[in-house]
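Q: Number 634 marks the last residue of the sequence shown (my numbering); no jumps.
Watch out, some of these pointers could steer you wrong.
DSS-like cross-link-like pairs, simulated, lysine-lysine; straight-line CA separation at most 27 Å [unchecked claim]:
#  : residue 1 : residue 2
1  : 202       : 129
2  : 429       : 507
3  : 604       : 507
4  : 459       : 429
5  : 248       : 429
6  : 205       : 248
7  : 131       : 205
8  : 131       : 173
9  : 583       : 561
10 : 583       : 433
11 : 561       : 582
12 : 429       : 535
13 : 457       : 429
14 : 459       : 507
15 : 535       : 433
16 : 604       : 535
17 : 429       : 549
18 : 583       : 604
19 : 146       : 205
20 : 131       : 202
21 : 582       : 429
22 : 535       : 507
23 : 549       : 583
24 : 487       : 561
25 : 459       : 535
26 : 583       : 457
27 : 582       : 457
28 : 507       : 479
29 : 549       : 582
Cβ-Cβ distance ranges computed for the label pairs, FRET-style [said to hold, decoys possible]:
#  : residue 1 : residue 2 : range
30 : 223       : 184       : 39 to 49 Å
31 : 624       : 601       : 22 to 32 Å
32 : 170       : 131       : 19 to 29 Å
33 : 508       : 623       : 37 to 47 Å
34 : 457       : 608       : 48 to 58 Å
Rather than coming from a laboratory, the hints here were simulated on the basis of the structure. For glycine and all other residues, C-beta sits at the position ideal for the given N, C-alpha and C.
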Amino acid sequence: MKFILTLCLLWTSVVFCEKGSLTVVRCDNGKNKFLSSPQAMQFEELHKNLNPNLDTVVLIHGFNNTYNSAVDTYKEVYPVASKSGRFNYVGFCWPVNFSIDFGKAVKHANEAGDYLTHTLTTISTLHNGDRKVHVIAHSLGCRVLLSSLKDNSSRYINWGDCHFFAPAVQHDVFHKSFSGANEIARNNFVYFSKDDLVLKYMYALWYWLFGRGESWQELSGAENFIPLSLEEKLQYMRNLENSIARSEFDRELMQQIKRAQAAMGLVGADAIDNVGNTDSRDFVSGHSYWQSKEALRIAVERILSGKAFFAREVVNKKVAYDAAAGKTIWKVPGKNGFFWGSGMSVDADGAPKAYHREKGKGLDYLANAGYPGNWWGIVTKNGVPVVQKSSDPAPGYYVSQTAMFSSAKSIYDPRRYVNASTIPYFVLPARKSMGAKLGDIAAVVNTRSGKVAYAMYSDVGPKNHIGEGSIALAEDLGIHSSPKKGGVSSGVVFIVFPGSGQGNGKLRTREEIRATGQRLFSAWGGVEQLNAVWKK
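Full structure from sequences and hints, please.
A: Written out as structure tokens, the structure is:
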């Protein structure tokens with residue numbers, strides 16, 4: 099039987115669940131106001147229940163929760179989190195039941211950081227040896243956690259991992275508002291759902307007010323925020339308005355957006371209007387990743403495994419962000435190789451039958467090779483495309499080139515270049531080579547089928563696109579290999595090993611690429627390492 103025992107005078111309580119109990123700590127006076135100071139908090143139940151020989155996981159709720167609703171959430175997620183039996187569990191409650199006053203909630207979240215620090219410090223003093231404190235926070239609770247991380251006294255806490263579920267904070271908090279926070283925790287992880295309706299509105303609002311939003315793609319992989327023109331912004335907001343259930347919460351946010359528009363001088367046809375009414379429960383149902391048992395299970399498994407890296411980690415381990423291509427490049431600390439996830443378009447460059455003057459004859463559209471005066475996929479002589487002779491592999495077709503070539507062959511010989519039909523290769527934007535040089539090797543994984551292939555860095559692509567491979571690579575991965583109609587929009591991970599090639603000027607066989615790739619991928623950790631750092 100489930101019930102809640104609340105020790106109101108001590109502001110700690112024990113929540114009895116189906117598979118054990120967790121301690122709930124609150125820093126309010128029961129009237130939606132903070133206690134006079136963090137030192138006013140008392141932790142009798144914490145002293146009673148905490149096993150000093152176990153790490154402790156602290157859960158922090160988000161915006162617009164009463165104490166009882168927060169406890170109900172903790173009761174719901176506890177059975178998922180506690181299966182291992184290897185942690186103490188503590189739920190931290192802070193006053194944030196303001197219905198629609200999000201600004202006031204942000205202020206309270208910052209203030210709650212002091213109370214959280216005091217709580218975590220107390221837990222650390224109760225631990226034996228090197229036991230750690232791990233935190234899983236949701237929504238605006240992430241700001242509470244960030245405030246605590248920024249607090250100088252938090253350095254006395256033996257931090258473990260910090261998990262940020264659907265953080266309701268601006269994109270730049272990690273390197274601006276809360277700079278230095280990432281130096282304290284062992285690992286910081288961010289989980290974000292592009293389908294989170296509430297956060298779509300919050301990020302959209304910040305985008306309007308502050309010009310922020312694009313870099314949230316950097317932190318989360320979200321697809322919602324890309325550089326937009328004013329007209330595109332307006333259309334985006336109209337679409338957002340029409341796609342999400344109307345609610346009081348919705349209406350208030352739209353009013354804030356309207357005020358922002360007015361400040362920008364947007365009126366009449368340029369403004370968003372006609373926000374209707376509906377039950378707010380339609381709008382806030384789901385609560386993004388917080389109540390996703392699968393996501394919570396992953397967070398706990400990360401803490402259990404001690405893995406040093408997760409693909410949504412946003413500090414220290416992020417190598418680079420390609421704003422134009424919209425992809426974050428990742429690196430596992432201490433290991434050679436960087437990686438990213440994307441779709442894969444299919445490249446025909448270098449194949450003898452890649453391009454032909456007659457429409458429909460080439461493997462790819464001639465437009466993808468350039469145009470008169472600017473041919474990048476075709477070899478030219480005095481500006482005129484070179485056509486293969488009778489002694490060449492595909493007479494009548496243009497000589498298609500790649501950036502990688504064999505110095506032993508003439509520039510007009512199609513055999514000089516990497517044949518996309520027979521050699522698995524991949525493409526990188528020139529300005530984002532990340533230390534990789536032409537000829538370097540990569541392991542490429544189709545995360546849907548589990549197929550692993552190996553490829554050579556053989557061509558340079560446009561700056562606004564990453565995730566491109568040859569016809570042969572697509573075939574090895576079980577992906578539709580037509581340069582015209584093939585490829586996939588997602589589900590491919592490229593792991594590139596800088597310094598693994600022999601440089602430009604010498605081509606390698608398919609067998610050599612595979613042998614080198616298998617050795618490098620195995621040394622990196624193989625599929626097991628990829629599964630540890632990449633969520634399919």
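Q: For every hint, state whether the structure bears it out.
A: Consistency of the hints with the structure:
no.: 1; hint: 202 - 129; in the structure: holds, 15 Å
no.: 2; hint: 429 - 507; in the structure: violated, 37 Å
no.: 3; hint: 604 - 507; in the structure: holds, 10 Å
no.: 4; hint: 459 - 429; in the structure: violated, 42 Å
no.: 5; hint: 248 - 429; in the structure: holds, 25 Å
no.: 6; hint: 205 - 248; in the structure: holds, 15 Å
no.: 7; hint: 131 - 205; in the structure: holds, 12 Å
no.: 8; hint: 131 - 173; in the structure: holds, 23 Å
no.: 9; hint: 583 - 561; in the structure: holds, 22 Å
no.: 10; hint: 583 - 433; in the structure: violated, 36 Å
no.: 11; hint: 561 - 582; in the structure: holds, 21 Å
no.: 12; hint: 429 - 535; in the structure: holds, 17 Å
no.: 13; hint: 457 - 429; in the structure: violated, 43 Å
no.: 14; hint: 459 - 507; in the structure: holds, 26 Å
no.: 15; hint: 535 - 433; in the structure: holds, 18 Å
no.: 16; hint: 604 - 535; in the structure: holds, 13 Å
no.: 17; hint: 429 - 549; in the structure: holds, 21 Å
no.: 18; hint: 583 - 604; in the structure: violated, 31 Å
no.: 19; hint: 146 - 205; in the structure: violated, 32 Å
no.: 20; hint: 131 - 202; in the structure: holds, 12 Å
no.: 21; hint: 582 - 429; in the structure: violated, 32 Å
no.: 22; hint: 535 - 507; in the structure: holds, 21 Å
no.: 23; hint: 549 - 583; in the structure: holds, 21 Å
no.: 24; hint: 487 - 561; in the structure: violated, 34 Å
no.: 25; hint: 459 - 535; in the structure: violated, 33 Å
no.: 26; hint: 583 - 457; in the structure: holds, 16 Å
no.: 27; hint: 582 - 457; in the structure: holds, 13 Å
no.: 28; hint: 507 - 479; in the structure: holds, 16 Å
no.: 29; hint: 549 - 582; in the structure: holds, 23 Å
no.: 30; hint: 223 - 184: 39 to 49 Å; in the structure: violated, 21 Å
no.: 31; hint: 624 - 601: 22 to 32 Å; in the structure: holds, 26 Å
no.: 32; hint: 170 - 131: 19 to 29 Å; in the structure: holds, 22 Å
no.: 33; hint: 508 - 623: 37 to 47 Å; in the structure: holds, 42 Å
no.: 34; hint: 457 - 608: 48 to 58 Å; in the structure: violated, 31 Å
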